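Trainee: Knowing the structure of chain A, use the given hints to seat chain B on it.
The lines below spell out each chain.
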Amino acid sequence: MEANDIVSRMNNVFREVFDNPTIEIFDEMTASDVVGWDSFSHINLITSLEIEFDIEFTQQEAFGFKTVGELKSAIESKLMH
Amino acid sequence: MTNPPFPNNNIGYLCTDWQVERGLGSKTALKLIDKDENLVEISYAKLTALSNQAANLLSSLGFQRGDRIMLLLSKTIEMYAFFLGGLKLGLNSCILFNSIGEDSIVERVKDTETKAIISTSKMNFRLVKVLQKLDASFRVLLVDENQTEEQFVGIHDQLIHSSTQFSTSATDPEQYSHFHFTSGSTGKPKAVQHCHAGIIDHLRSFEDVMQANPDDLFWCTADPGWVTGTTYGIIAPWASGLTQIQLDANYDPDLWMLIIERQKINILYTAPTVFRMMAQQPEAFYQQYDLSSLKRVYTVGEPLDPNLVLWGRKVFHCEIYDTWFQTETGSIMIANRPGLEVRPGSMGKPLPYLEAAILESEDHPLPENVQGLLCIRKPWNTMFREYVGNPLVYQNKFLGNFYSSGDIAYRDEDGYYWYIGRSDDVINTAGHLVSPFEIESAVMEVPHVLDCAVVGLPDELLYEKVVAFVVHDQQAQSLRKLDMDIKLYVSKKVASLASPKEIVFTDKIPKTKSGKVMRRVLKKQYLGQDVGDLSTMEE
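Those protein sequence lines, which keep their order, are chains A and B.
Sequential numbering of the first sequence, starting at 1, is according to the numbering used here.
Sequential numbering of the second sequence, starting at 1001, is according to the numbering used here.
So that you can see chain A by itself, here it is in the shape it has in the complex (with noise of 0.2 Å):
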């Protein structure tokens, strides 16, 4: 899977999850950039993006993620595997 196709694929999840159409999903993106993006609204990004790419991530990885940049890293990871 390509990189950029990934990024859009997040994007998607992303506008979902928050319900923001607008939303356009950068690395250095944090938590304090989308509204609504809470330690509730976390979790449901988290399985969400789990769904999309068919992937598990662990509790101490779901948490641990600060920057969209490390969530992508991630991803990328676990669909290498």
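To be clear, the hints were calculated from the coordinates, so they are not data collected in a lab.
Because the structure is a prediction, the values reported are computed rather than measured.
We treat Cβ as the ideally placed atom computed from N, Cα and C, and that holds for glycine.
Fair warning: there could be bad hints in the mix.
[As the list claims (entries may be wrong)] Pair by pair, the computed Cβ-Cβ distance ranges are: (1) A:N11 <-> B:G1062: 39 to 47 Å; (2) B:P1253 <-> A:D54: 26 to 34 Å; (3) A:D27 <-> B:S1137: 37 to 45 Å.
Mentor: Okay, now just chain B, sitting in the frame of chain A:
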């Protein structure tokens, strides 16, 4: 009601102009920090000028004493300026949580006949949909825009060019000031109305419990959409002339500890859920930081486990005080505080000017060590004045001369109160009360859901988690997807904190013969306990 000993009873005035008149104009009122640790300091003189500009702008736009407005802003200087400016003008304001869903906004606006929302263009994606469901006269004022398009009114430059002078009219203590929303076990969330007389209890509860020195730096981490965030994150510290700090970013243990260390926070007021999140870090994590400035740490919102009190003492090297109050009570009622021996796990004792009681019913107070309804004798200054548009529900909150909190507790032989749980079905998740009814209504709208019931169950982090029991139809192809669809829909429709943490798919929801959900049975089944008497259950 006690007469306030102030030159003007207006809360907005007392938080700003009054402090300047008392010689604190150059003192820092607010240290506002963003996620990148950028710091902006606002003096009392500046806060006064900014709130005056907001009051003048709102006046020029036609808002009048008694009008209701809502603020959908993060912790920015504009949020504080418009909240205080609105108070000065005599408006009745409500600060909303940023994560609130669009239908929840619409219902809240309609139920309270709110005239406008003040927000930023960042929220337009949600507000566009909100406006489609409201009257054409409703306005959204955008603090970061200048263009006006239909119901969206750009006010950025208008605010800057508004006069910094404003004379606050004499304010009747009973005039409405601000309102919050709270959930009951049935029906929609209700608007809880407070008035300017509350300032007396805001101040004396702050003094009795926090016992801050004039030079102390105070940090209340609560969202201002929550009563704690308004009472102790805006009003009480500023009406006391203190410097307070606010962080416009989500919880991050590194950032929080850095702020305590670098800013030298003296008093921290937070939630037990945050404490539980903090306790997930190893103790070595805290040894990286110099936290010696902390004198006291307070919590509110849900019971603080005794082991967390002990953990907090060890990590922060200071005493940990749990406090209790509700949206309806408006200020702290019962608290652990300096001068009182802390009994870990206890709510503490009532504040000196209040009378608490454990009642079985209106005329039946219960003796020590017997569980019953936790009640407070009326009136007090921050006591809510009404559930807007719900006079009967308001009336039912009182047992004779006592306000009935809905919490079950007992009082020990030394006068300490101990929380047991709720007397109704309301769920306390991370310190927020949510209504199972509101969540069930949303879940039932999701395709493939035939029936559902929502309960609160014990959770290590959240105190209680929202669990939805769902019956689905045969067309649902992927339960994992349906699980996610339900969670996202509740998050959008109600709020992210109401989104079920867990969904249990089942064949049938246990109900009484009259059709009422037997939540007790669901809870016991989930926890693997004996479900007890099922004679009233439908077959």
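Trainee: At the C-beta level, are N11 of chain A and G1062 of chain B separated by a distance inside 39 to 47 Å?
Mentor: Given about 41 Å between the Cβ atoms, the range holds.
Trainee: That 37 to 45 Å hint for D27 of chain A and S1137 of chain B (C-beta), does it hold up?
Mentor: With a Cβ separation near 44 Å, D27 of chain A and S1137 of chain B satisfy 37 to 45 Å, so the hint holds.
Trainee: Confirm or reject the claim that P1253 of chain B and D54 of chain A have a C-beta distance inside 26 to 34 Å.
Mentor: With Cβ atoms ~31 Å apart, the hint holds.
No hint from the list above goes unmet by this structure.
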